[in-house]
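Listed below are the residues making up each chain.
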Amino acid sequence: MSPLDEQFLIECRELTAQAAEDIVALERDPGDIGRLDRLFRVVHTLKGSAAVMELAPMSRLMHASEDWLGSWRGQERLPAGAIDRVLAILDQTESWLGHFEAEGRLPEDASATADRLLEGTGSHGGASPVGPIPEAPPWAQEMLDDLTDIPAGPIVALDYEPRPGCFFDGDDPLDLVRRLPGLLAVSVVPRDPWPPIEQTDPFTCNLRIRALAAADPGTARDLVRLVADQARIAVVEPAPERATSADVLLNAILAEQGLLLRTPAEPGDLLGRLASAARSAVNALRHAGAGERADRIDAAGAAALAQKDPRPLLAALEEPWSAGPAGSEAPAPTGASPATRVDSARIDRLADLAGEIAVARNGLSHLLGRASGDMAASDLLKQLAERDAELGRLTVVLQRAVADLRLMPVGPVFRRFPRLVRETARSLGKQVLLDMSGEGTEVDRTIVESIHEPLLHLLRNALDHGIEPPEERRAAGKPPEGRITLRAAPDGDRVAIEVGDDGRGIDPAALRRRAVRQGVVTEAAALAMSDEEAVQLVLRSGVSTAARVSDLSGRGVGMDVVRDAVERVGGTLQILNRPGKGTTFRLLLPISMTVTRVMVVRAGTERFGLPMDRALQTVRIPRERIHPIRSGAAFVLRDRTVPLVGLADLLGLTGVTGGDQALVVVLATRSGPVGFEVDGIEDRLDAPMRPPEGLLANMPHLLGTTVRGDGQVLLVLEPEALLP
Amino acid sequence: MTVRRQGSAIVLEGRCSVDEAEMLALLLRDAGAATVDWRGASHLHTALVQLVLQAGRPVQGPCGDPFVARWIEPITVAAPPGGL
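So the sequence lines, in the order shown, correspond to chains A and B. Sequential numbering of the first sequence, starting at 1, is according to my numbering. Sequential numbering of the second sequence, starting at 1, is according to my numbering.
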């Protein structure tokens, strides 16, 4: 899936959710012109995006829907069945998006499906405005071949045939082309042969415009969105020999470092040069994905620094370079992480910080150079302390900026709910108004992703058990329409999300009886509880508030699951109960969380976490290459003897080690790399880590605990403290 | 006025919008207008660029609109330096 496709999917999913929210709101208030306009715009954008992606049936469906929505303007009420039909269209669109994500295209029957959905609306969307175009149009390739200087990065080809009447629509086609960043070539030719100037209509556009630009395809597609039926964007594949330009660049960078090292240097300057050359080469290699070679150069650089001799580094720099990641033995991390949109100002701030950190490091390099000269030790210490403080400050700011980068509003999660509430309420024969606020409240991405399920459950619960049927509400002197509130708001250094209803509330006496009957508490204990305490029983496993198990929320999933989900991200769940008047569940969540990358390994039959940031690599070592040394063992890795210990042995477990190869995780420790033999590597995860608490707090070899996706608690080890 | 006749030249100046296309077409129909001078034009609407391309008159450049100067002017007929 290309970044463009990903962007398309993210955007369309946001838009369909937005549209669903708008249509549900319109049902409540058909006269809300603002909503209708917004819905109209959303559908218009969906149409344009689908056209750009050449998903003709979807584009046509949106086009027809747009026409149909347009006909609603100025109407007192919406056409019969309109809400359900729009929701069905949105459902179909989402299902198509899923198909597109999986297979890169729409299902075969998409066009027929679109016809079926549009039946009776009087709109058909006309013929598909956009047919398929070749991946790399031949003209674009030719145009590219004519260029002498081609920048690195994606190149987009624009093929734009403005409609003859486009000037009347206010279009200025060349103005659009001029806004394409990174223009490389432009061709403007008459679409049809020019008529004599005496007969020409100056307001008829007769141009075909083609252009190449070194631009981001997404930007280009955004640009032509409003003329998507007239313009096509394709990504031009660079010719094969150009594909290696990154290699050429890399080799040039490496050669330059060699040159730097061969240039005669003042003795005081040599160390600084060595450090800088090694750093530049390592960075370039890492950037190019050549981690193995970067590691070798890093080691050679360290050796050169230690020996104050550039030769080891030069030798490493000049070893022949072969493309491709050189047999990386570590398995690649699996599992796609969800895409996030990030405010560009936050990225800018990070970029600024990266610059400041580079400046601070340069200062350090400079100092390193002088230190090898005649600088007094006390001066050196003082200056080092200053640099250290500066780097420390920048690191804190950087960490905060990165945490900010992970923040996202809860809105996208909230947006899925109005529709759910509408449909659920209808299926239960209840009337419910969902009142949402605080959609812009931001929390860590991990938290946003993890609150959907708990909120869904709480909402269903409120609909099913909280809000009474209309007649019961009337009898209780309440308006027949129930109200569910969903709000998010900052609360000190945390965020509070509340799901409240104005229903019947929880009856503490009934809950006590049920808890006793279900054997969760003894009768004596239940009677000793205050009403507030009794209400908390709802959060205990095995206690359900409903008298019957309903389709909706009684499916063996209790409130305890909600509580667990909230606690897993470091939050708490509170209940505010007013019998007869309603219940509010309050989730108090941390705004940001520190996420640690953890490698899950097996020692014997137990699973443990190892901090990924210490892991240098994972290797399989044939047993015959493991040599006994004194009481321990060691093996040779890249000309270096690395001590080997068994993780199961260290933990006093029985390992299942066997086989003719040892699976070894090499971790960085203060005394250099150490190999830890494990019985399996299972997973890598980004998980919020909690410091060890209670009894665990006294165990020095524990870094903390984290919860795996399956709810199991994982102990994350401090490898350093395990070593004998 | 952003489109006008001056001697044998049609002069385009400032921001030339689509509304100017009719006027330019009229001027271009006169065989006496030998060249188009767009050095003073800061921005040209597509409709005017299209007319200049269609008429094939020698163009006095460089166009004051950098986009047109860079990408369109090379495909027009250049007028001899210093005008006619």
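Where hints are given, some of them may not hold.
Facing chain A, according to a computed beta carbon distance under 8 Å, are these residues of chain B, among others [stated by the list, open to error]:
1. V11
2. G14
3. A21
4. L27
5. L28
6. T35
7. D37
8. S42
9. A47
10. Q54
11. F67
12. W71
Note that these hints are calculated values from the structure, not bench results. For each residue, glycine too, the CB sits at the ideal point set by N, CA and C.
Here is what the structure says about each hint:
1. Given the 8 Å rule on beta carbons, the hint for V11/B is violated: about 18 Å separates it from the nearest Cβ of chain A.
2. Because the beta carbon of G14/B sits about 16 Å from the nearest beta carbon in chain A, more than 8 Å, this interface hint is broken.
3. Of the supplied interface hints, the one on A21/B holds, with its beta-carbon coming within about 4 Å of a beta-carbon of chain A, less than 8 Å.
4. For the restraint placing L27/B at the interface with chain A, the shortest Cβ-Cβ distance is roughly 10 Å, beyond the 8 Å limit, so the hint is violated.
5. This hint holds: L28/B has a C-beta 5 Å from the nearest C-beta of chain A, less than the 8 Å allowed.
6. The criterion of a C-beta within 8 Å of any C-beta in chain A is not met by T35/B, whose closest approach is roughly 15 Å, and the hint is violated.
7. For D37/B, the interface hint is violated, the least distance from its beta-carbon to any beta-carbon of chain A being 18 Å, above 8 Å.
8. Because the beta carbon of S42/B sits about 13 Å from the nearest beta carbon in chain A, more than 8 Å, this interface hint is broken.
9. The interface hint given for A47/B is met, as the beta carbon of that residue sits about 5 Å from the closest beta carbon of chain A, less than 8 Å.
10. For Q54/B, the interface hint holds, the least distance from its beta-carbon to any beta-carbon of chain A being 5 Å, beneath 8 Å.
11. Here the hint on F67/B is kept, as its CB sits about 4 Å from the closest CB of chain A, short of 8 Å.
12. Interface hint status for W71/B: upheld, as the beta-carbon distance to the closest one in chain A is roughly 4 Å, under 8 Å.
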